[in-house]
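Asks: Take a look at the letters that make up each chain.
There are 2 protein chains.
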Amino acid sequence: MKSDIDRLMIERGFDAIVVSGNSLHNYPLFYMTNGAPLTSGLVIKKRGGSPVLICNPMEREEALKSGLEVHTWSDFDLTALIKETGSYFEANLKLYERLFEHFGISGTVSFYGKSDPGEAFVRLARLNAMLPDIEITGEVEGSLFDEAYTTKDADELRQIKSVAERTNKAMADVIEFIKGHDVKDETLVKADGSPLTVGDVKRYLRTRLIDYDLEEPEATIFAIGRDGGFPHSRGEADDPLMLGKSIVFDLFPRQAGGGYFHDMTRTYCLGYAPDGVKKAYDEVMGVFYAVMEAFSPGEESSGYQTVACDMFEQAGHPTARSTPGTTDGYVHSLGHGIGLELHSDPRFSFIKGQPLEPGMVITVEPGLYYPDRGFGIRVEDTVYMDASGEIHSLTPMPKDLVIAVG
Amino acid sequence: MKSDIDRLMIERGFDAIVVSGNSLHNYPLFYMTNGAPLTSGLVIKKRGGSPVLICNPMEREEALKSGLEVHTWSDFDLTALIKETGSYFEANLKLYERLFEHFGISGTVSFYGKSDPGEAFVRLARLNAMLPDIEITGEVEGSLFDEAYTTKDADELRQIKSVAERTNKAMADVIEFIKGHDVKDETLVKADGSPLTVGDVKRYLRTRLIDYDLEEPEATIFAIGRDGGFPHSRGEADDPLMLGKSIVFDLFPRQAGGGYFHDMTRTYCLGYAPDGVKKAYDEVMGVFYAVMEAFSPGEESSGYQTVACDMFEQAGHPTARSTPGTTDGYVHSLGHGIGLELHSDPRFSFIKGQPLEPGMVITVEPGLYYPDRGFGIRVEDTVYMDASGEIHSLTPMPKDLVIAVG
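Same order as they appear, the protein sequences are chains W and R.
Be aware that the first sequence starts at 4, since it is given in the working numbering, and climbs by one per residue.
Be aware that the second sequence starts at 4, since it is given in the working numbering, and climbs by one per residue.
Misleading hints may appear alongside valid ones.
Since copy identity is lost for identical chains, a pair holds within one copy or between any two.
[Said to hold, decoys possible] Okay, derived cross-link-like pairs now, DMTMM-like style, lysine to aspartate or glutamate, Cα gap no bigger than 25 Å in a straight line:
(1) Lys282 x Glu159
(2) Lys164 x Glu316
(3) Lys402 x Glu179
(4) Lys164 x Glu179
(5) Lys281 x Asp80
(6) Lys182 x Glu239
(7) Lys193 x Glu144
(8) Lys402 x Asp156
(9) Lys402 x Glu100
(10) Lys281 x Asp313
(11) Lys172 x Asp214
(12) Lys49 x Glu189
(13) Lys402 x Asp195
(14) Lys402 x Asp18
(15) Lys97 x Glu159
(16) Lys49 x Asp278
(17) Lys182 x Asp214
(18) Lys193 x Asp216
(19) Lys49 x Asp185
(20) Lys187 x Asp78
(21) Lys97 x Glu179
(22) Lys68 x Asp216
(23) Lys164 x Asp331
(24) Lys86 x Glu316
Worth flagging that the hints you see were computed from the coordinates, not collected in a lab.
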């Protein structure tokens, strides 16, 4: 959590961190500015010191919502630097020089945020060469933000629970909406007799998300039959909702305007489930409950991916472990951390696991995919581990495969 | 436009370009993949060659929508590399090595996309040191994508016009919604007698955007009175709509799921406009029409910012030119290019202008800001320059300051 940042800086030997970019699609900046909506901002934090925010003077008012000490580019004469150098890039380098001098920054400084990678490479190399007292660096894996994000403080948990509750309601509303349609020739139909489509369902969903003050920055998966057999296929808008076909409904909205995500998946069959789908569904649920039962603080996350692969392989399915690159069977990892980022640490892959800890919020999402047999199955809850190491699901939505319609 | 990329690569001496990241909030990747929705992808293009797309095997189906030649990480044994190196980072470096060898990439390679700046700095420095035949670089200003984006081809223009038409309809619907309310004690009220608020208006707007298949990834500005005096203040949800106060309504949605933006602003007063607001509004409109009249191909964009500053200063207002850092008067630049990015080249600032060209789509948005006098004014159309150099507004929404209510 955020209060860990100084410790994480010490562990890494960083004297200061710099976080920059737009705050809207840039989690470290959103995190450091407590969600203040900025087109462009810069947070500088010395080890042991409070973060300061430097922003466009036009965004002062928004910046003050961060609760941080706020300065603007104008306080450092950026316009004069641009005139003097005739270049935004050169002026930006000189701005950093002034900021580092003003705030007494020296030593190892690690950079975070969002930018163009080529631009960052050239810019930070120039800055590094320009500033003899400063060693510029960055983190390539398991950054201090990745680590800080893994556990949530009380205020974050409050926001996460609120988003979870609203996301569950939105999915329940969509199921009621679907059930409100008639069936004709094995297909759900609207009042005018035309088929109810994936596009119709997604449009209805969007109206519900608005009412619950949620947004879907990464879209939504509502994928029927073969499409559901590809974990990231979002579904085709023109597809009609037909009886007996698997529907993978993976909903992962966040607080409107930016904030915490919820991530939940249900697989449904309308009317009835074919035997092959039913059997695979039961196997997925078997893994789901086995893993939920086994979660324990201090245990390596990768161990649970092992449990899932063991179970699926014993049931005769290929897995990403037994058959690297497979697109049949169990093809992804068991879950992921979630927060301001939809996918964050801890990971549940074999290479990059980490011990589970109280305060973590993670997803559990076993699945089976057989696109050539025309189906995919995934069931996913978001869960958190409380101070005593107990696991609590934030996704109470029922897990029945078949939805009665008609 | 996209067909310029080879020429732009030659001008810059690039033998290949690499574009990476998530395609959703990453314009170069979205542009190169023709909008294929990818969580993570990599486009490599040799000078004179067709771009190839490398993606997660789980996203093959989505990747094929790009129309590009598609490969997956698995084709290059990424999983084995991860196992071998025990590190995603090291495996990723080796993956690049394999890709460059497989596709015959050597010489100067420029990187684009979205990533963490510190990570990019460390990663590209390592890759540069690892690959003796390759010189890695990036662009810090006026990149080839910035330049390619400035002009639009026929297909882009078709999409841009469609988004423009729907955005104008959404704003018109919101105005009708506002007019449908009663007035009590100089305040608009809902059926239950409680005040109509900025939050109510924004919620209604969101339902209209859904119906028009638009989204607002950068939010919307609906800022009343003093809030409108800060160009980027979005407005306070609890603020009631009151008569005689200026409302800056700046709407900049894009195609739902990613695509082209429209950007339009109107300033309104409900019922009546105070004299000071009326006078400033007329001055802003004077600049607006003078600039629209003057637009001509081959003219430097910065020249129009000069025209705007001249006119505002003659009328007695401070400007960003006469009073750097001012928050009163005309505090920003006249407009910007627009496309997949909300703000792109050409810029209209004094430092970074460029000649106007047929095919450009730009905004024109003079404004005056007096937060301490409780108002701000901005009027903005998005316009395009046709093949003959004629300017056409894509924002037909009327420009009347006062809306009759009650």
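Asks: Please go over all the hints and tell whether each is borne out by the structure.
Replies: Results of checking the hints against the structure:
1. Lys282 x Glu159: neither (39 Å within a copy, 47 Å between copies)
2. Lys164 x Glu316: neither (35 Å within a copy, 53 Å between copies)
3. Lys402 x Glu179: within (15 Å within a copy, 44 Å between copies)
4. Lys164 x Glu179: within (23 Å within a copy, 37 Å between copies)
5. Lys281 x Asp80: neither (67 Å within a copy, 33 Å between copies)
6. Lys182 x Glu239: Cα proximity of lysine 182 and glutamate 239: one copy only (20 Å, versus 38 Å across).
7. Lys193 x Glu144: Classified as neither: same-chain Cα gap 50 Å, cross-chain 52 Å, threshold 25 Å.
8. Lys402 x Asp156: neither (29 Å within a copy, 49 Å between copies)
9. Lys402 x Glu100: neither (57 Å within a copy, 45 Å between copies)
10. Lys281 x Asp313: within (20 Å within a copy, 73 Å between copies)
11. Lys172 x Asp214: Answer is both; intra-copy 10 Å and inter-copy 22 Å each pass.
12. Lys49 x Glu189: neither (64 Å within a copy, 50 Å between copies)
13. Lys402 x Asp195: neither (31 Å within a copy, 40 Å between copies)
14. Lys402 x Asp18: neither (49 Å within a copy, 53 Å between copies)
15. Lys97 x Glu159: neither (37 Å within a copy, 38 Å between copies)
16. Lys49 x Asp278: neither (61 Å within a copy, 50 Å between copies)
17. Lys182 x Asp214: both (20 Å within a copy, 22 Å between copies)
18. Lys193 x Asp216: between (27 Å within a copy, 20 Å between copies)
19. Lys49 x Asp185: Classified as neither; 63 Å inside a copy, 54 Å across copies.
20. Lys187 x Asp78: Neither, since 68 Å and 44 Å both go past 25 Å.
21. Lys97 x Glu179: Close neither inside one copy (59 Å) nor across copies (50 Å); limit 25 Å.
22. Lys68 x Asp216: within (20 Å within a copy, 31 Å between copies)
23. Lys164 x Asp331: neither (34 Å within a copy, 43 Å between copies)
24. Lys86 x Glu316: between (66 Å within a copy, 20 Å between copies)
In summary, the numbered hints that this structure violates are 1, 2, 5, 7, 8, 9, 12, 13, 14, 15, 16, 19, 20, 21 and 23.
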